[in-house]
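Q: Sequence:
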Amino acid sequence: MQSLSMADIKKFGASGTLAYVLTELVFWAVAFPVASTTFYNTAGHWPDFGDNADRATVLGFVFAGANIARLAVPLRLRGAPPPPPPGPSRESSWLIMPYVRPR
0 MQSLSMADIK KFGASGTLAY VLTELVFWAV AFPVASTTFY NTAGHWPDFG
50 DNADRATVLG FVFAGANIAR LAVPLRLRGA PPPPPPGPSR ESSWLIMPYV
100 RPR
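Letter 10 of the sequence shown, counting from 1, is numbered 9 in numbering that gives the first Met the number 0, and no numbers are missing.
Keep in mind that the hints are not guaranteed to be accurate.
[What the hints assert, rightly or not] So the derived label-pair ranges between C-beta atoms look like this:
no.: 1; residue 1: 43; residue 2: 13; range: 43 to 53 Å
no.: 2; residue 1: 13; residue 2: 47; range: 34 to 44 Å
no.: 3; residue 1: 14; residue 2: 47; range: 34 to 44 Å
no.: 4; residue 1: 48; residue 2: 6; range: 29 to 39 Å
no.: 5; residue 1: 55; residue 2: 27; range: 17 to 27 Å
The hints are simulated quantities; they were obtained by calculation from the structure and are not laboratory data.
C-beta atoms are modelled at their ideal positions from N, C-alpha and C, and glycine is treated no differently.
All chains should be built: construct the whole structure from the sequences, respecting the hints.
A: Here it is as structure tokens:
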């Protein structure tokens with residue numbers, strides 16, 4: 000899989016950038032609560048972020064989730080609406096002209 004650069008995201012325009020930013024915000028809003036809950040389910044207590052071991056474990060869960068989410072980046076960009084189609088062209092006039100009444 001090739002890496003995705005900011006130029007690749009920008010080619011989708013404002014909607015592609017917005018889709019990417021929104022999905023990143025959703026990821027981070029979900030990542031820490033899920034990682035903390037996973038820590039609770041495996042360790043039996045909520046993480047103490049003052050303890051380096053607990054902090055590293057939760058960040059490890061987030062890191063693993065980020066690597067899984069990275070696989071979905073192309074799917075996130077497909078969620079952006081496509082640009083509007085161009086107007087009628089000469090190639091499509093054969094389809095339009097039979098339905099246009101002359102004045």
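Q: Which numbered conditions among the earlier hints are violated in the structure presented, ordered from lowest to highest?
A: none
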